[in-house]
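There are 2 protein chains.
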Amino acid sequence: MRGRTHYCGEISESLIGEKVELKGWAQTRRDLGQVIFIDLRDRSGIVQIVANPEFSKEAFEIADRVRSEYVLSVTGTVVKRDEETYNEKIPTGTVEIRVDELTILNPSKPLPFQVDGETDVSEDVRLKYRYLDLRRPEMRETFKLRHRVTKLIRDYLDEKDFLDMETPMLTKSTPEGARDYLVPSRVHHGEFYALPQSPQLFKQLLMVSGFERYYQIVRCFRDEDLRADRQPEFTQVDIETSFMHKEDFLSMMEEMMKKIMKEVHGLDIETPFPRLTYEEAMNRYGSDKPDTRFGMELVELSDIVKDSDFKVFADAVKKGGIVKGLNVKGTADKMSRKEIDDLADFVAVYGAKGLAWLKVEEDSLKGPIAKFFTEEETARLREALQAEAGDLLFFGADKKDVVFSALGALRLKFGKELGLIDEEAFNFLWVTEFPLMEYDEEEGRYTAMHHPFTSPIREDIDKLDNNPEEVRAEAYDLVLNGYELGGGSQRIYERELQEKMFKALGFSEEEARSQFGFLLDAFEYGTPPHGGIALGLDRFIMILAGRSNLRDTILFPKTASASDPLTGAPGKVSEKQLDELNLEIVSFEEEDEE
Amino acid sequence: MRGRTHYCGEISESLIGEKVELKGWAQTRRDLGQVIFIDLRDRSGIVQIVANPEFSKEAFEIADRVRSEYVLSVTGTVVKRDEETYNEKIPTGTVEIRVDELTILNPSKPLPFQVDGETDVSEDVRLKYRYLDLRRPEMRETFKLRHRVTKLIRDYLDEKDFLDMETPMLTKSTPEGARDYLVPSRVHHGEFYALPQSPQLFKQLLMVSGFERYYQIVRCFRDEDLRADRQPEFTQVDIETSFMHKEDFLSMMEEMMKKIMKEVHGLDIETPFPRLTYEEAMNRYGSDKPDTRFGMELVELSDIVKDSDFKVFADAVKKGGIVKGLNVKGTADKMSRKEIDDLADFVAVYGAKGLAWLKVEEDSLKGPIAKFFTEEETARLREALQAEAGDLLFFGADKKDVVFSALGALRLKFGKELGLIDEEAFNFLWVTEFPLMEYDEEEGRYTAMHHPFTSPIREDIDKLDNNPEEVRAEAYDLVLNGYELGGGSQRIYERELQEKMFKALGFSEEEARSQFGFLLDAFEYGTPPHGGIALGLDRFIMILAGRSNLRDTILFPKTASASDPLTGAPGKVSEKQLDELNLEIVSFEEEDEE
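Chains as they are written, first to last, in my numbering: chain A, 50 to 643; chain B, 50 to 643.
Here chain A stands alone, though its shape is the one from the complex (with noise of 0.2 Å):
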């Protein structure tokens, strides 16, 4: 035999008798003293082989010198287990190899720590030997999972004739949406590339082109600080149509999402997904990504307690603001005062300056705040948060914004420590009408919520000029499970229409031709309506792989410094590089006297 015959994870009982070459690693080796048991573990799985003096004295005695990872090469006969050393814990575990050869192809030290399942060392380490955490049963599950996905999509898009395209990494920077990650051009003396955010600009390019139907599993890139859900290369599954009505591309994203649900989790999901405007999303569950595996959703109260005697709820509802409640059920007993108080300081990020609340007892409200309120406040209370004995009531009150964020986050963190989150569910749907553009009080000016490129609702056309907040876009985000799976819109198309929209976020006329003229000039050539969507594919597989780091969905990801501990990316380069790019490097002497 000249190469591996099977996979180790397809040994069966229907090859007994059959003689099997094998490649793999020693996974473990037990040595019994007349004989010597090793799980050779390859991609597919695990099979137990045995090297016995009496198959093979040769074996045996290269069996004697393996240790842990090692690489081997085996040839041997496949056959039964005695029964009473089935191992369950494995596919093959009834039967096992009789070694005939064994070739030590590469040997290995003692690895820094166990790959045989979750680990608990740090990811520094866990990074540093990034090979070697691959080998770990979750990872290799989850990079195939990965690649299964991807395939997915790319047969469905196929099939539904988009076309695969390609679009530049080396493009020119934009000062709108986030920072860029630059490239020095060598040729043009102090000009630079950026990499893309995303080929928003491309892709409607394309769709000027006539191509129709646009997709590209396409790398992005944002130099902007890390979180744990973000890395600044991300990978984007982008797509674009011209002429297709929004409700069918809807649907057609759907129909995508379902297959792949089935596919990969044999799930059935629901479609048309549920859809909620921006506004509703705000209202119920604070938050335009909400979580729908459980309830426990905002409750409107400022109505009632606008006159009450509650000074701070008074006077949120006076300067415009609101007052909204949560009921968290049943846990009135749970929770203790300092756990309570302790609340306050997880609403504080979000600017929440306190955190009001109330026990439900059976005829009566309880707590600090309790005697502001008329009986038929309280009445009233507790009919619109629904309030049985032994609930906890909390509230927030002040802007919007504020209340919206810190009760959505209080939501959040009861759903998952409250237990109330059905982990097997998948809920998609589709959030709406957002609005086209938010003031931002630092830059003094309007940004776009999605990008300057979405369409206004059409309706909402007219308020453009004088009440651009009041204008909605056509834009839908795939939501799924409480994160944002992705964001799409119809595209605006017409040159009049988009220098209105550059207009409205405060482009002068010559910074929008400067910056997006060849996009101003391409919808002067015949640009169709068109439309599109990008998903966030580490976080898709995130969520599918039932991970909650992004980083285990990425083969070679960054830390929070954007550093790479196994290649040590980024480094220093040499002066010709530099030389070569005319660049010089600011020292940091010369940073402190600035």
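Wrong hints could be hidden among the right ones.
Identical chains share a label here; the pair holds if one copy fits it or two copies do between them.
[To be verified] As a list, the in silico EDC-like pairs of lysine to aspartate or glutamate whose alpha-carbon atoms are at most 16 Å apart:
#1 K625 to E172
#2 K138 to E466
#3 K158 to D570
#4 K193 to D207
#5 K106 to D80
#6 K177 to D570
#7 K625 to E273
#8 K158 to E543
#9 K552 to D514
Simulated from the structure, these hints should not be mistaken for lab results.
Since the structure of chain A is already known, use the hints to place chain B on it.
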């Protein structure tokens, strides 16, 4: 009806009498007074639509306003054309659409150039209006082909258990190979990422991880001066396998190519592909990527002329060089003396100091150097070159390298100009047994011919210390019609051998350690034997599509100065951006001072 019911190209006689809704561009419009014909184009093709006030006065009036490249929505009935008006140029030529409703979705200004076929506007204009250039049918078909080939590769590799895996784009700069594109880090003062020239190290690490079969269709980057067949960013089909016998791997790649050729061109190409060693390829074709679609091989003549009176030949051999000849059949009378003399300039580019030639007559050789050869030498030359009356013979005499490249180029030139090349043929072949390294005069050290991770042929390892230039690599280049389609090799997988290799390449221990320490470390933890290949996708598509310009296979390519006339990339960036990166641009003045 809410949306498109058919693509234009789908309309056929089987739909006669049916009501359809189409979307697309007005390719042409002919106004016959009482009736207006519009050729409506979408991604799939063209169909004629007819507006006639008898069917719909409103639609007719709108049709009257339509101009070239207007975007239209059309509702109407499929009818058969009068036989005398059949248009044989388009597949839908026997039918047309009688229009009921016509909507102009977006108008268009007159285009800067025509998009209904090949164009002769300059490439700069084409690139500036790339979105229009891509409307041309040749371009559309090329990118449809690209999609299809990509899909075929993915499907094939998926079927063979390969996992599609994504490696990082923000990696570490290494001094080996071509010049890196650098990406300054904002977080790490004065440090840089590098964009990958290939995912070589990462794919090898994935083999250490035990994924066994990896592939990726991946963007790679090289900051080199550009030629017609190079781009700063290019796409590579990157494949790596563990435990696979080289022969099995090559068969697999051949099967993949066979499948693509069958699906794309309906061709049955023969496998296994022919193989040439590097030495044989150079000797016979003067190239390591020979175009074997025609003969005209180089003929070894050193032995015949080494003692001749023609000093140039005799000296070349004495100095360790060679003399080779090329027989250009039947062209002796077709080339003027001037044309022949001009060829000396052509080969001068390849370092040849002159180009000797002879015309073959019935019983003699004619030309300035004929007199130097004895009768016997003349007879042996004729025989070796299989010279017949009317042939034209060219000679190269110099160092091996110069003779190979000069005559190799001359051979190609004649092959093209004399129409010797079968343009329908697709000649795949493997070139094997490359030298592992070559001496770089400029750097004064050996450099890897492929890359430093290529395994030497095992039996040559002993020569690594003392005769490195004699060591052959376990490498295989895939060549198609004179283009290098890809390069592959078995890799080094033992730390000791890899260290030996670095040493032979002139790395100090510390350099090897600091640049590639993580790979050397990885080799100690159970690394399987592995190997793989990288195929140039852009070039492959170029050959398959019968194009001669690599830029025609890339949607948004860069010009020869690595810029994009469409977006204006690269461009200036703001002071704020530079400050954040701790960078300063060296001014032109400072440069001058140096």
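Verification of the supplied hints:
With identical chains, the CA atoms of K625 and E172 are never at most 16 Å apart, being 35 Å at best within one copy and 34 Å at best between copies. Taking CA atoms no more than 16 Å apart as the test, K138 paired with E466 passes in neither setting, with 32 Å inside one copy and 69 Å between copies. Proximity of K158 to D570 under the C-alpha cut-off of 16 Å is restricted to the inter-copy arrangement: shortest distance 10 Å between copies versus 62 Å within a copy. Proximity of K193 and D207 under a CA criterion of 16 Å is satisfied inter-copy only: 11 Å between copies versus 21 Å inside one chain copy.
In this assembly of identical chains, the alpha carbons of K106 and D80 lie at most 16 Å apart only when taken from the same copy (15 Å versus 93 Å across copies). For the identical chains of this complex, K177 and D570 are inter-copy neighbours only, at 11 Å across copies versus 49 Å inside a copy, given an alpha-carbon limit of 16 Å. Taking the closest pair of Cα atoms, K625 and E273 come within 16 Å of each other only across two copies (15 Å); inside a single copy the shortest separation is 29 Å, beyond that limit. In this assembly of identical chains, K158 and E543 lie within 16 Å of each other by CA distance solely across copies; the values are 13 Å between and 64 Å within a copy.
For a Cα distance limit of 16 Å, the shortest separation of K552 from D514 inside one copy, 9 Å, qualifies, whereas the shortest one across copies, 69 Å, does not.
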